[in-house]
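Put together the whole structure using the sequences plus the hints.
So you can see what is in the structure, the chains are spelled out below.
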Amino acid sequence: MAGLPRRIIKETQRLMAEPVPGISAVPDEQNARYFHVVVAGPEGSPFEGGVFKLELFLPEEYPMSAPKVRFMTKIYHPNIDKLGRICLDILKDKWSPALQIRTVLLSIQALLSAPNPDDPLANDVAELWKVNEAEAIRNAREWTRTYAMGNI
Amino acid sequence: MDSDEDIMYDDDYDDSGNESSGDDDVEFAMVEEPNNPKERQELDEYPYEVLTTEQILQHMNECMKEVNIVVEMPSTVIRMLLNHFRWDKEKLMERYYDGDPEKLFTEAHVASPFAKMAVPAKIAKKEHRRTGPSVEECEICLSTLPSSVMSGLECGHRFCVSCWAEYLTTKIMSEGIGQTISCAAHNCEILIDDATVMKLVPDAKVRLKYQHLITNSFVECNRLLRWCPSPDCSSVIRVQHVESRPVTCRCGHTFCFACGNNWHEPVRCTLLRKWIKKCDDDSETSNWIAANTKECPKCKATIEKDGGCNHMVCKNSHCKTEFCWVCLGPWEPHGTSWYNCNRYDEDEARAARDAQERSRAALQRYLFYCNRYMNHMQSLRLEHKHYATVKEKMEEMQQHNMSWIEVQFLKKAVDILCQCRQTLMYTYVFAYYLKKNNQSVIFEDNQRDLETATEKLSEYLERDITQENLVDIKQKVQDKYRYCDSRRRVLAEHVYEGYDKEWWEYND
Ligand SMILES: [Zn+2]
Ligand SMILES: [Zn+2]
Ligand SMILES: [Zn+2]
Ligand SMILES: [Zn+2]
Ligand SMILES: [Zn+2]
Ligand SMILES: [Zn+2]
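Line by line, the protein sequences are chains A and B. UniProt numbering numbers the first residue of the first sequence as 1 and each following residue consecutively. UniProt numbering numbers the first residue of the second sequence as 1 and each following residue consecutively.
Don't read these hints as lab results, they were simulated from the structure. Certain hints may be false.
Under the rule of at most 30 Å between Cα atoms (straight-line distance), these lysine-lysine pairs were calculated in the DSS-like manner [claimed, not checked]:
#, chain 1, residue 1, chain 2, residue 2
1, B, Lys205, A, Lys94
2, B, Lys209, A, Lys92
3, A, Lys94, A, Lys53
4, B, Lys209, A, Lys94
5, A, Lys92, A, Lys68
6, A, Lys68, A, Lys94
7, B, Lys199, A, Lys10
8, B, Lys411, B, Lys435
9, A, Lys94, B, Lys199
10, A, Lys68, B, Lys209
11, B, Lys300, B, Lys320
12, A, Lys92, B, Lys199
13, B, Lys315, A, Lys92
14, B, Lys103, B, Lys278
15, B, Lys103, B, Lys91
16, A, Lys92, A, Lys82
17, B, Lys103, A, Lys94
18, A, Lys92, B, Lys205
Spelled out as structure tokens, the structure:
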């Protein structure tokens, strides 16, 4: 692999120096393009109290193409599917090279605070979220307790 | 090559040749008859031009200039606006004068050319005052760099030139985007203009690809332009109005301007499109299977009926069930009536049979037309091989003291043969959808005549030609191809007349 681009080195340094509140992102010891990410469930959301593990990978074309991000911890969310894949515009067509790992993680945190069942990836979850939000939120809390507490 | 001109000279030559040869053969007399349609077609010409990629660029620039005379704006802004209106100048002008130009710029995602003068100056000044000897951080590579290597559009988002180059190269080469590359900043929809792309992309290959993408979107947006569909051709046909008419590209390919398919006289574009879709549709194949096979009533293995006998024995070696093809009942009660099912008239059996017959009849009909269509398509491909054979023959004739121009009739014969095949091929598409009436009977007669004449010409060119005296050949070939051509014209004219007079009624 070619040397690590200056952009990635710099971004990693800044991420370490000023971490995003509620998020930790640590590069893998073997591969500086692979990050172990932990996101705390935002306060007031059904994910509160949970800690969610994610993986983030910077492809060869980064920052011209978006990082690849996936939830490792099971989560009940209309925009995240069974495999942990995330439906987020900036990870797809709205990606801009001026965005960073930091902005991506902040967007994911925001997605936990405000699920968007109108643009779903997990259709059954989104369906319930629309017809019976209270039950969906109960499910999300339940899943958070089962999979995202005491898991680290 | 000047082969096009050759053919034209050849035509002239042939005409004068006819007069002097004074032929009054029966077939020849019939050639003279359909002169009216020929004249009509010539009167009713369809002017078009074949343009190279460079000419397209030029044409595009002319369109932009015409707008620029009226509205003074940078050329890229005009191009983007024109593209937004699919190169409809009038529409653009109308919108421009009619309301709020700023709203128009936003709608087309173009940076307002009028803001241009004001904003960058302001930003530059601010930047300068704040940082003294100006340095800026590029948000993409996160490097702090002198302002001189930073660049951006009117939106004020600035990145270093090498990040811009990488960004644009990715968009152009990997994503194939030309017309609509937006600013690299997140959520900024301002489109990047040509001059900026050209300035920021150092690689000539990428710039060339960019130009190609731009011309492509110009051609694709413009109703009066169409790329030649031939795979290795990059010419464009330009017409004055869209019509289903044959146009011939510089590369020799002739196609319908309106739909881009091979020239398909006499059938219309919509019917042809329907036909092509039908042929592509796999369901026809499965219909065939449904109509020609049945399942063993016991083990469900697929059985194809292979003879006249209704006594079926399942081919599955573990099953070998004997049953009746017609009623699917066990064979035993059928007794010794090997060819007739004596339970045939039972209601249930009859209903099943009727349904099957109907679908089979429809399918047989489709297959009939499809086979003929395919056969002519196949022959048309083979006919192209004739050009090689004919070339040899022409050389041989030249060695026997015939002049080069005198032997061109052979090439002309193959040209006509191909034309007739092509027309015939499409008559089967037309015929498939045609409802029977008095005119459709005439059409079918014409079709039969043309088919017979075409096959005769084909056969003659393929085989008999070598066995004859060289001098006789010319006359015979000319008579035959003129006859074919006349039959083709008669058929086409009749179909067109039918369109005009609304004779034709179609099945779905
Ligand atoms: Zn940069
Ligand atoms: Zn911008
Ligand atoms: Zn061509
Ligand atoms: Zn057409
Ligand atoms: Zn069987
Ligand atoms: Zn039977």
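The hints, checked one at a time:
no.	hint	verdict
1	B:Lys205 with A:Lys94	holds (27 Å)
2	B:Lys209 with A:Lys92	holds (24 Å)
3	A:Lys94 with A:Lys53	holds (24 Å)
4	B:Lys209 with A:Lys94	holds (23 Å)
5	A:Lys92 with A:Lys68	holds (10 Å)
6	A:Lys68 with A:Lys94	holds (14 Å)
7	B:Lys199 with A:Lys10	holds (28 Å)
8	B:Lys411 with B:Lys435	violated (38 Å)
9	A:Lys94 with B:Lys199	holds (25 Å)
10	A:Lys68 with B:Lys209	holds (29 Å)
11	B:Lys300 with B:Lys320	holds (12 Å)
12	A:Lys92 with B:Lys199	holds (28 Å)
13	B:Lys315 with A:Lys92	violated (55 Å)
14	B:Lys103 with B:Lys278	violated (45 Å)
15	B:Lys103 with B:Lys91	holds (15 Å)
16	A:Lys92 with A:Lys82	holds (19 Å)
17	B:Lys103 with A:Lys94	holds (23 Å)
18	A:Lys92 with B:Lys205	holds (27 Å)
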